[in-house]
Amino acid sequence: MSRERPAKAAPVLLEIDDLRTYIRQRSAVVRAVDGVSFTVDAGETIGIVGESGCGKTMTGMSIISLLPPGGYIAGGSICFEGRELTKISDREIRDVRGNQVAVIFQDPMTSLNPTMTIGRQIAEPVVRHRGASRSAALKRAEEVLALVGMPKPRERLEDYPHQLSGGLRQRAMIAMALACEPRLLIADEPTTALDVTIQKQILELLDDLKSRLGMAMILITHDLGVIAGRADKVVVMYAGKIVEQAETGELFAGTRHPYTEALLASIPQVGQRTDQPLYAIPGLPPDLSDPPAGCRFAPRCAFASYRCGQEEPLLVGSRPEHPFACFHPVGSDEPGVRTTALVEGPAGPVTAVRQRAGGPDEPAAPAPLLVIDHVVKEFPVTSGAVFQRKIGTIKAVSDISFTISAGETFGLVGESGCGKTTLGRMITVLEHLSAGRIFFGGENLATLTRRDLRARRRDLQLMFQDPYASLDPRMRVSTIMREPLAIQHYGSRAEQDSRVDELLREVGLPARAAQRYPHEFSGGQRQRIGLARALALNPKLIVADEPVSALDVSVRSQILNLMKRLQAAHNLTYMVISHDLSVVRYLADRIGVMYLGKLVEIGTGSDIYERTAHPYTAGLLKTIPIPDPVVERAKRGATVLGELPSSMSPPSGCRFRTRCERVAEICAFEEPPLVAFGPSHLAACHFPLQSPVGTAATTTGSD
1 MSRERPAKAA PVLLEIDDLR TYIRQRSAVV RAVDGVSFTV DAGETIGIVG
51 ESGCGKTMTG MSIISLLPPG GYIAGGSICF EGRELTKISD REIRDVRGNQ
101 VAVIFQDPMT SLNPTMTIGR QIAEPVVRHR GASRSAALKR AEEVLALVGM
151 PKPRERLEDY PHQLSGGLRQ RAMIAMALAC EPRLLIADEP TTALDVTIQK
201 QILELLDDLK SRLGMAMILI THDLGVIAGR ADKVVVMYAG KIVEQAETGE
251 LFAGTRHPYT EALLASIPQV GQRTDQPLYA IPGLPPDLSD PPAGCRFAPR
301 CAFASYRCGQ EEPLLVGSRP EHPFACFHPV GSDEPGVRTT ALVEGPAGPV
351 TAVRQRAGGP DEPAAPAPLL VIDHVVKEFP VTSGAVFQRK IGTIKAVSDI
401 SFTISAGETF GLVGESGCGK TTLGRMITVL EHLSAGRIFF GGENLATLTR
451 RDLRARRRDL QLMFQDPYAS LDPRMRVSTI MREPLAIQHY GSRAEQDSRV
501 DELLREVGLP ARAAQRYPHE FSGGQRQRIG LARALALNPK LIVADEPVSA
551 LDVSVRSQIL NLMKRLQAAH NLTYMVISHD LSVVRYLADR IGVMYLGKLV
601 EIGTGSDIYE RTAHPYTAGL LKTIPIPDPV VERAKRGATV LGELPSSMSP
651 PSGCRFRTRC ERVAEICAFE EPPLVAFGPS HLAACHFPLQ SPVGTAATTT
701 GSD
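Residue numbering for the sequence shown follows the numbering used here, beginning at 1 and increasing consecutively.
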């Protein structure tokens, strides 16, 4: 039965009632969506949140019957503009898909056809649904590319997806979705793994387009911070069911379901205390081919009672506009029911209240383990299939110097294309330097012989961004983890197997995981395997390149807590590369900010976040999504940093000047040096936000 809804001026565009979408597998049936009901009004934005595997994407894909092999709608109703979509033919649903209802997929690189130009891909639905000619469809493609803010839209028509940055590919995907002016847009994790600046640009763009085109939108995400200021209503899903639903402001102000509270608690905050573990929801969502009886969240819930394991709670509440499915809701005055969020401590879950005050900065260790000395890396750009004529140079890293002490965590932040990963690869000797020196333990890595370098690789390990792509899909976990041990001639086969079992236990995986393949694990489990492999040879330094960028908020907290615990246990030194400033603030003792190959600011966490000196750092901090609708809505429409200039021809003088609000004439001719703003705080800016050491007043830029 449909729930009664309060009267609204806007008509109902989409009504989903008791939707059940199943996936038939060889030996079981997965109940991916199990009794979901909600409505979307014209012009409204609905946010669907929850962990991976909870049915968010499957709900969205059910609307347009874009289901995986074996997937089918087992029951319920999907009514779009008065038309029942579950009863129409495949041909009729193809007329709806991409025309009246469009989708923005999570990964534009895998969703765009690599063999077709951007213009042709955007024109394709216009030809299919509107019967336009090829030339008219290409003209429409140029129009929508301009609409989504694509620079030089006419030139981009002939580009292929691999020629665009991540942000531009996402704009191309949005343009393709909007080509036929749909009434409903389904945005499935549209900003996952994007830089915070690009994420804000995309979200602002979607808001603007929704308003201008009068669309409704379903925004699917695992991050409540992303939808705090974007959605009108929030639907929280867990294990294929809705567990809470309310208007956005009301849900954040008065969360009732423990799962919603746990998702909020799992989001690292900029002010999070670094000396306390992050909250992480214990366990994993259930196997939906055999869901547990009673409340599906009960096995992971700190408030669960005997009743929760026997009886399924209904989606009801004291008020029809804010239903929740829980016998012991947050804020309940029922005797004996705790209403405090749990924080995972070293010995397991312990009751604690989350604090937002920043902890004291740890003093840096006196002896540097790693010294980066005026490092430069440039890549030649060539043209021609045979002679490979050099036509330019990509200036990836340009004269960078800093040190990392033993036992320290150094965070490196900046947008994609700023040289962070290239620097990490040079530190682990996967890329050669163009100029400069890197000293590790007093040895110049560039002068080591191949034999000495192989021995030194025991101490230098890289933790990759994509754990699935970095693990050989043809090898079992035991072989993957034993490989570095065999290469370095570590012990006998029995000793290597014992070491693999020890590492799996240390990262929280069972011994039987050794006999499985990478595709049999979740994203968080694969990242644990990647971390275990990096630890195999007891390294001194681990370079972690975006280690949690694409993980759910709860799994992300588990990995961050694990990294901190292992650092303490093994006296590890980390260099963490990330675009997520909240993650870096929690992990790092000191932080460096890179922009277009340059280090523009470096300091402790307090220096970077509380005494920001460089305008670029301030711009990054402003784009961090905060799980607070009031704060996020106040930020809507604020100035967003523009596109990153090309590293082939970076701006003269200060490289940030083309995007800086404080720019003056000197910025175009003179490169600013790094100057001191505190004992360990340096920044390179002619017109900084703070006063340098020894300066009486804060310098301001001229108009």
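FYI, nobody ran anything at the bench for these hints, they're computed from the structure. Here the structure is a predicted model, which means the values were calculated and not measured. Hints are supplied without guarantee of correctness; some may be wrong.
In silico lysine-lysine, DSSO-like type, Cα no more than 30 Å apart, as pairs [unchecked claim]:
1. 635 - 622
2. 210 - 564
3. 152 - 564
4. 87 - 210
5. 540 - 152
6. 139 - 152
7. 139 - 210
Label pairs and their calculated CB-CB ranges [to be verified]:
8. 70 - 479: 22 to 32 Å
9. 249 - 18: 43 to 53 Å
10. 26 - 109: 53 to 63 Å
11. 459 - 86: 53 to 63 Å
12. 253 - 455: 56 to 66 Å
For glycine and all other residues, C-beta sits at the position ideal for the given N, C-alpha and C.
Worksheet entry | 30 Å Cα cutoff - pair residue 210, residue 564 | Roughly 42 Å separates the two Cα atoms, so the pair is violated.
Discussion item. Residue 87 and residue 210 were given as a pair; does the straight-line alpha-carbon distance stay at or below 30 Å?
Written reply: holds, 29 Å
Discussion item. Would the hint linking residue 152 and residue 564 be met if the CA-CA limit is 30 Å?
Written reply: violated, 45 Å
Worksheet item: If you draw a straight line from the CA of residue 139 to the CA of residue 152, is it 30 Å or shorter?
Response: holds, 14 Å
Worksheet entry | Whether the CB-CB distance between residue 26 and residue 109 falls inside 53 to 63 Å | violated, 30 Å
Discussion item. Against the range 53 to 63 Å, how does the distance between the Cβ atoms of residue 459 and residue 86 compare: consistent or not?
Written reply: Since the Cβ atoms of residue 459 and residue 86 sit about 59 Å apart, the hinted range of 53 to 63 Å holds.
Worksheet item: Taking the CB of residue 253 and the CB of residue 455, does the distance hold inside 56 to 66 Å?
Response: Roughly 58 Å apart at Cβ, these two residues keep to the hinted range, so it holds.
Fill in: Pair hint residue 635 and residue 622, alpha-carbon separation not exceeding 30 Å
Measuring from Cα to Cα gives roughly 8 Å; hence the hint holds.
Worksheet item: Is 43 to 53 Å a correct range for the gap between the Cβ atoms of residue 249 and residue 18?
Response: violated, 28 Å
Worksheet item: Regarding residue 70 and residue 479, is the given constraint of 22 to 32 Å on their beta-carbon distance met?
Response: Between residue 70 and residue 479, where Cβ atoms are some 30 Å apart, the hint holds.
Discussion item. Hinted pair, alpha-carbon criterion (30 Å max): residue 540, residue 152. Please report holds or violated.
Written reply: Distance of about 47 Å is beyond 30 Å: violated.
Discussion item. Need the status of pair residue 139, residue 210: alpha-carbon distance at most 30 Å?
Written reply: Distance ~22 Å between residue 139 and residue 210 Cα, so the pair holds.
This entry does not satisfy hints 2, 3, 5, 9 and 10, going by the numbered hints stated previously.
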